[in-house]
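Trainee: If you want the building blocks of each chain, they are given just below.
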Amino acid sequence: MQEQLWKSIVLVRDKSPLVQSITNYVVMNNTANALLAVGASPIMAHAHEEMKDMVSIVGALVINIGTLDDYWVKSMHLAIAQANALHVPWVLDPVGAGATPYRNEVLEGLLQLRPTIIRGNASEILALASKHTTPTKGVDSTHRSTEAVDAALTLNQHFGSVVCISGATDIIVHKDKTVKLSNGHPMMARVTGMGCTATALTGAFVAVHPEDPMNATVAAMALMGVAGELAAQRSKGPGSLQVNFLDSLYTLRESDFAERLKVGA
Amino acid sequence: MQEQLWKSIVLVRDKSPLVQSITNYVVMNNTANALLAVGASPIMAHAHEEMKDMVSIVGALVINIGTLDDYWVKSMHLAIAQANALHVPWVLDPVGAGATPYRNEVLEGLLQLRPTIIRGNASEILALASKHTTPTKGVDSTHRSTEAVDAALTLNQHFGSVVCISGATDIIVHKDKTVKLSNGHPMMARVTGMGCTATALTGAFVAVHPEDPMNATVAAMALMGVAGELAAQRSKGPGSLQVNFLDSLYTLRESDFAERLKVGA
Amino acid sequence: MQEQLWKSIVLVRDKSPLVQSITNYVVMNNTANALLAVGASPIMAHAHEEMKDMVSIVGALVINIGTLDDYWVKSMHLAIAQANALHVPWVLDPVGAGATPYRNEVLEGLLQLRPTIIRGNASEILALASKHTTPTKGVDSTHRSTEAVDAALTLNQHFGSVVCISGATDIIVHKDKTVKLSNGHPMMARVTGMGCTATALTGAFVAVHPEDPMNATVAAMALMGVAGELAAQRSKGPGSLQVNFLDSLYTLRESDFAERLKVGA
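Chains as they are written, first to last, in the UniProt record's numbering: chain A, 1 to 265; chain B, 1 to 265; chain C, 1 to 265.
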């Protein structure tokens, strides 16, 4: 499996896919830099007048609701409509799912459009699935990824999306397949937008693997984890981690990737 | 006093308070990172539909008018109304006060809502107070913090806010108390958003000290100054300063803090 | 020529010009930091209510359409009207020209207001000029700067703007003068917003040289190229490049500039 994942990393570097992101203000700069560091080409645009045209020229679309408002939600719907019409894969990052009724309502509308891939932390995946499950307990802000597997399966069954629960262990589910990744470093949680970056990179990988969103998601998360781990080793704190992480994405070699990757089912 | 301030720093690290910011586009990424580096949890949202709900779950609210427009000003009012209703402390950063009549008008409206804390540079504090004082001279762009003490006292008397004038010497005033801090480094002025970061951190500190906004402000400014000073020592320029500053916030130890802190009345 | 360019760099450091930018969300933080690192003072504001007032106090205006929408386009028009009325020089960055009809239409409207300077990559300059030339071939996404010289001359003739085509070789044209710069490093293309930063710095230089926009553009691009080259030498990847680039802008000395500058006609 590690060889297959590495091939995907090389493919992104070689093909330099265009990825259109409608994402939040906080992370635009670092997700654009992460996309560039892996070899992809980021586009960030949101004007209603150009959503259809922009989506027509890209390999994937990333939708992140972090700093949503009505204008941006409409941009998302316009972009997704075109993505679905042209079979452009799209990835949903349900930032802050469960935090407010407005966020939940917007997310429910986006789910109905059947994202190719959904990536969130355990609390977000639980909140996202809660309308579609018989609730057994409340959603609070800190869950381990293993607690959200049933929620992920529910989302996969209802909407057909590959679902990635990211955390100390990343769990990616699709139909009867489950992959677990155990790379990464706790300090990554002290850099803003690391989750959003994972989602953006997933967009780059599914752009070169539209036929296999499961593999694309696993490859993106594996790259995140290994590059983050390597970067953390060289970093004194979250400031240098952010810098070293971009360098690691750019310089990562197959030998380092193979040596560190912790993947299981 | 140094021991009390250090206790506040530890309290933020332990409690990891949620801080909602309505801030400017330029600094969202680095203020979110600074909040994470000190142990707090940043939220940045502005949709009118969710302001009330967001403010209901946080420990403090930060209002920064840097890149304001009418939509965002309304977001600020919705958020502050809920903060005041729930006694959630809120901090005002009057970026660019005095630069345009629009900014002054918006700020006057925000002042009437009685911010818990106001943090600005000397020129901003002078501009902010000018409507509430008998003007003695014009407001230009470069003032030393000592020149704005009377303006800070006026604001404190009218609106009850703790007022922090930041500069080479930071001066924090509240009723008959004044604290002066002399840490920091001139190169910090060459990194965008260092003032905004100070305001954001003040939000984290008042979230864990809602009963004592004066102490919260002093602790936040002391941390800014000492961490900035330590970072500047290791930095070649403003690029590395920004990185090292986040690392310093994250790694700062009591011994370094105690050794460097320059506090007086 | 190298001495004259260095004098401009010193002038920016000494005069610390105010530069108002209406730019895209992705690059606001790093272009503000680049302006601060060269000694300029950035302002980023977009509210319609304050455009006229803001432009009245600055030395130059930067217009960058990266994440445009209708509100921001109106901000641009309000700001440019005041800039033109007060003879404040303004610089246009036509990000993504040619990507969508909306972008092209907005750019055509901005061109009619006669930018003092236009800076874009070869594909953008070709797209921008295409309405004003007899097309000989289609516009694709990767062109070398030499291919866009005729397009740049067309824009210069029609709108009077100094035109800078940036790339491995930067070409700056104005009337019968052409200057070529061959500094920089390929890794700069893997950091988001390096082009936008070049445009922002051009704003700082034309603010201190309103009488000579050609020289201002050459000086800004020379500084970008030399500082980028120096930074790349010390960098492992695009993360550290971004940091080292800001440090280089801040610390650059005349001897390094003179030694490295590659300028020709």
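Honestly, the hints are just simulated from the structure, not real lab data. No residue lacks a Cβ here, since even glycine has one placed at the ideal position from N, Cα and C. Among these hints, one or two may not hold up.
To be verified - Footprint (simulated), chain B over chain C, 3 or more residues, beta carbon under 8 Å:
| no. | segment |
| --- | --- |
| 1 | 85-99 |
| 2 | 175-184 |
Unchecked claim - Which chain B residues face chain C? A few, computed with CB under 10 Å, are given here:
| no. | residue |
| --- | --- |
| 3 | Val-26 |
| 4 | Trp-72 |
| 5 | Gly-237 |
| 6 | Leu-241 |
Trainee: Looking back at the hints listed earlier, which ones does the structure fail to meet?
Mentor: When the structure is compared with the hints, numbers 1, 2 turn out to be violated.
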